[in-house]
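Q: Those protein sequences? They're chains A and B, same order as listed. Quick note: the first sequence uses the working numbering, first residue 27, plus one each step. Quick note: the second sequence uses the working numbering, first residue 7, plus one each step.
It is worth saying that the hints were derived from the structure and are not from the lab. C-beta: ideal position from N, C-alpha, C; glycine also. One or more hints might be untrue.
As the list claims (entries may be wrong) - Distance ranges between label pairs, derived from CB positions:
hint	chain 1	residue 1	chain 2	residue 2	range
1	B	Ser45	A	Val38	43 to 53 angstroms
2	B	Lys74	A	Thr102	21 to 31 angstroms
3	B	Lys74	A	Gly98	34 to 44 angstroms
4	A	Ile86	B	Arg28	23 to 33 angstroms
5	B	Gln117	A	Lys68	39 to 49 angstroms
6	B	Pro46	A	Ile86	17 to 27 angstroms
7	A	Pro34	B	Leu120	28 to 38 angstroms
8	A	Lys68	B	Ile66	19 to 29 angstroms
9	A	Ile46	B	Pro13	30 to 40 angstroms
10	B	Gln48	A	Glu94	18 to 28 angstroms
11	A	Gln67	B	Ile17	28 to 38 angstroms
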Amino acid sequence: EPEVTQTPSHQVTQMGQEVILRCVPISNHLYFYWYRQILGQKVEFLVSFYNNEISEKSEIFDDQFSVERPDGSNFTLKIRSTKLEDSAMYFCASRNGGAGNQPQHFGDGTRLSIL
Amino acid sequence: AQSVTQPDIHITVSEGASLELRCNYSYGATPYLFWYVQSPGQGLQLLLKYFSGDTLVQGIKGFEAEFKRSQSSFNLRKPSVHWSDAAEYFCAVGLTGTASKLTFGTGTRLQVTL
Numbered sequence: 027e028p029e030v031t032q033t034p035s036h037q038v039t040q041m042g043q044e045v046i047l048r049c050v051p052i053s054n055h056l057y058f059y060w061y062r063q064i065l066g067q068k069v070e071f072l073v074s075f076y077n078n079e080i081s082e083k084s085e086i087f088d089d090q091f092s093v094e095r096p097d098g099s100n101f102t103l104k105i106r107s108t109k110l111e112d113s114a115m116y117f118c119a120s121r122n123g124g125a126g127n128q129p130q131h132f133g134d135g136t137r138l139s140i141l
Numbered sequence: 007a008q009s010v011t012q013p014d015i016h017i018t019v020s021e022g023a024s025l026e027l028r029c030n031y032s033y034g035a036t037p038y039l040f041w042y043v044q045s046p047g048q049g050l051q052l053l054l055k056y057f058s059g060d061t062l063v064q065g066i067k068g069f070e071a072e073f074k075r076s077q078s079s080f081n082l083r084k085p086s087v088h089w090s091d092a093a094e095y096f097c098a099v100g101l102t103g104t105a106s107k108l109t110f111g112t113g114t115r116l117q118v119t120l
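With the sequences and hints as input, model every part of the structure.
A: What follows is the structure, encoded as structure tokens:
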């Protein structure tokens, strides 16, 4: 069964540095998402992406965050000037087209640790 | 705005016993409803989903869930729990728009005793 893959599985970065989290969504999917889960807390929506543009973003997704689909397969989340509170598990998800009743498929996540 | 409540933070059941995990949602219309499971260090795996039609939906690993509109609930059940079911379970609501972000509950951690 096709999977969403995320790299790296664990990223350790110094505070203030930039980090790029990478995702390869399922190949025929059209909608892409990033979520994050701070340790011990619930999964929170960050951003959705469709037709090469952001379709919705949360309050968390401020100017320090950006997303890009640089080619036909990758979907990246960039965090500029990381802060301690950015430490979390970041999940990428994708889903097929059509109405919202197509389920989102999640990757295994990238654990981001800011020192 | 939509919201999801999972009132049980932690549940412990014996292997072979039945299980029910509670989920209540708040949304102005009938939402799309999902249950995901997360094993330690792993991603989120879809167990089952409800969009419309039959209010009792079957999922993977022997799980089922029932949508009750009058109670705004979507409880997850399993008749006989296995030790491998120990994990964190998340209920989620999806909006009916095209972007359809998911709003998750806080999760219920299931512990299974032998």
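Q: Run every hint past the structure and note whether it holds.
A: These are the hints, each one checked on the structure:
{"no.": "1", "hint": "B:Ser45 <-> A:Val38: 43 to 53 angstroms", "verdict": "violated, 23 angstroms"}
{"no.": "2", "hint": "B:Lys74 <-> A:Thr102: 21 to 31 angstroms", "verdict": "violated, 41 angstroms"}
{"no.": "3", "hint": "B:Lys74 <-> A:Gly98: 34 to 44 angstroms", "verdict": "holds, 43 angstroms"}
{"no.": "4", "hint": "A:Ile86 <-> B:Arg28: 23 to 33 angstroms", "verdict": "holds, 27 angstroms"}
{"no.": "5", "hint": "B:Gln117 <-> A:Lys68: 39 to 49 angstroms", "verdict": "violated, 19 angstroms"}
{"no.": "6", "hint": "B:Pro46 <-> A:Ile86: 17 to 27 angstroms", "verdict": "holds, 24 angstroms"}
{"no.": "7", "hint": "A:Pro34 <-> B:Leu120: 28 to 38 angstroms", "verdict": "holds, 36 angstroms"}
{"no.": "8", "hint": "A:Lys68 <-> B:Ile66: 19 to 29 angstroms", "verdict": "holds, 22 angstroms"}
{"no.": "9", "hint": "A:Ile46 <-> B:Pro13: 30 to 40 angstroms", "verdict": "holds, 38 angstroms"}
{"no.": "10", "hint": "B:Gln48 <-> A:Glu94: 18 to 28 angstroms", "verdict": "holds, 26 angstroms"}
{"no.": "11", "hint": "A:Gln67 <-> B:Ile17: 28 to 38 angstroms", "verdict": "violated, 19 angstroms"}
Checked against the numbered hints above, the structure violates hints 1, 2, 5 and 11; every other hint is satisfied.
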